[in-house]
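Place chain S on chain X using the hints.
Residue-level listing of the chains:
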Amino acid sequence: MSTDRKDQHSDLEEMGRDMSTTMTDTAMPETTAPSRLGGTALTLAYDGRTVAEDLSVAIPDRSFTVIVGPNACGKSTLLRALSRLLKPKAGTVVLDGTDIATLPTKQVARIVGLLPQTSIAPDGITVADLVSRGRHPHQGLLRQWSRQDEQIVAESMAATGVTDLADRAVDELSGGQRQRVWTAMVLAQQTPLLLLDEPTTYLDIAHQVDILDLCARLHEDEGRTLVAVLHDLNQAARYATHLIVLCDGRVAACGRPEEIVTAELVHQVFGLTCRVIEDPESGTPLVVPGARRRSGA
Amino acid sequence: MSATAPPQAPEAAVPIPRRSAGARRLSRGAGLAVASALLAVVLVLSISFGARSLSVGQVWDGLTDPASPSYTVVHQMRLPRTLLGLLVGVGLGLAGAVMQALTRNPLADPGLLGVNAGASAAVVSATWLFGIGTFDGYIWFALAGAAAATTFGYLIGGGRSATPVRLALAGAALNAALFSYVSAAMLLDSASLQAMRFWTVGSLAAATPSTVVRVLPFIAAGVVVALGLARPLNALALGEDSAVALGSRPTAIRAAAIVAVTLLCGAATAACGPIVFVGLMVPHVVRVVTGPDLRWLLPYCAVLAPVVLLGADVLGRVLVRPAEIQVGVVTSVLGGPVFLYFLRRGKAVRA
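Note that the protein sequences, when read in sequence, are chains X and S. All you need for this note's numbering is the position in the first sequence, starting with 1, plus 20. All you need for this note's numbering is the position in the second sequence, starting with 1, plus 97.
Note that these hints are calculated values from the structure, not bench results. Incorrect hints may appear among the rest.
[As the list claims (entries may be wrong)] If you only want the chain X side, here are some residues facing chain S, beta carbon under 7 Å, derived:
#, residue
1, Ile140
2, Asp149
3, His156
4, Pro157
[Said to hold, decoys possible] Stretch-level coverage of chain S by chain X, calculated; a stretch enters the list once three of its residues show a Cβ under 8 Å from a Cβ in chain X:
#, segment
5, 335 to 342
6, 380 to 391
[Claimed, not checked] The calculated EDC-like cross-link candidates involving lysine to aspartate or glutamate, where the alpha carbons are at most 16 Å apart (straight line), are:
#, chain 1, residue 1, chain 2, residue 2
7, X, Lys107, S, Glu337
8, X, Lys107, S, Asp338
9, X, Lys126, S, Glu337
10, X, Lys126, S, Asp338
Predicted model only: the values in this text are computed from it and were never measured. C-beta: ideal position from N, C-alpha, C; glycine also.
The shape of chain X in the complex, shown without the other chains (with noise of 0.2 Å):
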């Protein structure tokens, strides 16, 4: 398992390549525009409590967009205006060139899922239930459950390694293979494009690296746009197809990890004095925090 990993590693960092110089004029037929989903001149705030200003982003189309920065810089903020969870206090969300605000919600469903950072399980309930959960968006009065959304339900459950857990209450699961059931749960929603809020927060090392491995072959496999928010740089720079560095409501940088991520970005980012090297195991940026000074040696 772990040398099929670094296999796809070393795919993902070729596509990656490929795709910045090449998907432009390949690998998008069916729209021209290279985003579908971005925000401009964005003014985000909680309850008066101003976050963001001015902000404008855009989520390249078929790319693994990863939003990092300090805590409190925006970035969960950012991921819920553009899920339509957050109303801009100005500026627009726009979804295929429309605001997403004027779209029925159901539609951008079926456009856009999203793995929120607190999700609720209901009391006893099973796997397979809730992932079934997850075709809501394609289910209507007229349109009732159909061997389709099963077929659609198994695919997505075998996509992430649940099936085994299907009759399974989820209370009774570990925190990773909730983790993984909820991640199906969204699957099973069929979106070209996934949002992930902070999806490998309380999960351990391996389980992180699971998840992200996870997202890396949904993206490279199935051609998703992918857009997560993570803390770890370093895994951020490993996986991002396209990273966007965020600092006090600011785009303080956007672009591919290799070109970017520098010492004296995060420096200025983070405050963090550092060094970047080369990844033994990726080739990306490794950003290795400077030693603390010894003062009583």
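Using the frame of chain X, we list chain S on its own:
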């Protein structure tokens, strides 16, 4: 690590593996059929038992043959009482299930937002201030009171920005205020005391054909709204963020749910007083069977709650014949231990 590592990307067609959807739907459907049969039995029992018992044959004659000696007793007393029990049971069961889903509280009762308190306060006001003493007179007051109380509770609970916790707090405050008003009125006015003594206990005995006709449209409308909310409430159960991400509108869902509860529980309460226990217990017990999926939970509650209510009413008629015990008393006395049993059993299963 390798234990949790995912398998490779899915093949073109993933077989649907679980024992699963199909089988489970079949067993849930069979369970619902059994429950419906049970309801039919209880309906017949409710028409046959009373001060004078009728055989099944006499019940049939009484229903269909105007010349039969049992025609009058069936049509004037047993049938209205049974139909009212059916309507009230359906109303309370659905209202309880919707309220528990809305507040994400498995022990919420349908009166949580002040439905019962509002209805009680209105009935007391009707007898005390306007001297209205007949059942048909105060049913409208009870309905109006229930609607006013829930609307007010929803507004002070935050209106469009309501959360389950704020709603529960607002309902608790409203309940306390209205019930103290009811107590005060009962202490000050003996006619109110008399009216409330029977009404607040909860009884089906006063049912007439006109009561059934008056309650029917409210319950019917409430049933339509409640059943239509099954899928939206399923989405809302995953949390606010997930619900929005799945394309539902929490504010609209909550408002519709409150309308449904007011119609169902308001009409039920207006007709026969606050019988809260059925609405609390039935959804809770049904959940053990169906799980949290409201597309199954709601129909099960709609069928089983009248079974419980009518069953309790029949028992109340039989136990101390020729006198009666009010159905509200029977459900509480018998329901309590049964409920405790299920609570403990549920805990054992979980652990």
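Hints, verified against the model:
1. Ile140: Hint on X:Ile140: holds, closest Cβ of chain S at ~4 Å, below 7 Å.
2. Asp149: Because about 6 Å separates X:Asp149 from the closest Cβ in chain S, which is inside the 7 Å limit, the hint holds.
3. His156: holds (4 Å)
4. Pro157: This interface hint holds because 4 Å falls under the 7 Å limit.
5. 335 to 342: holds (count 6)
6. 380 to 391: holds (count 4)
7. X:Lys107 x S:Glu337: holds (15 Å)
8. X:Lys107 x S:Asp338: Distance of about 13 Å is within 16 Å: holds.
9. X:Lys126 x S:Glu337: Between X:Lys126 and S:Glu337 the Cα gap is close to 15 Å, so the pair holds against 16 Å.
10. X:Lys126 x S:Asp338: The given pair, whose Cα atoms are some 14 Å apart, holds under the 16 Å limit.
Comparing the model with each numbered hint stated earlier shows that all of them hold.
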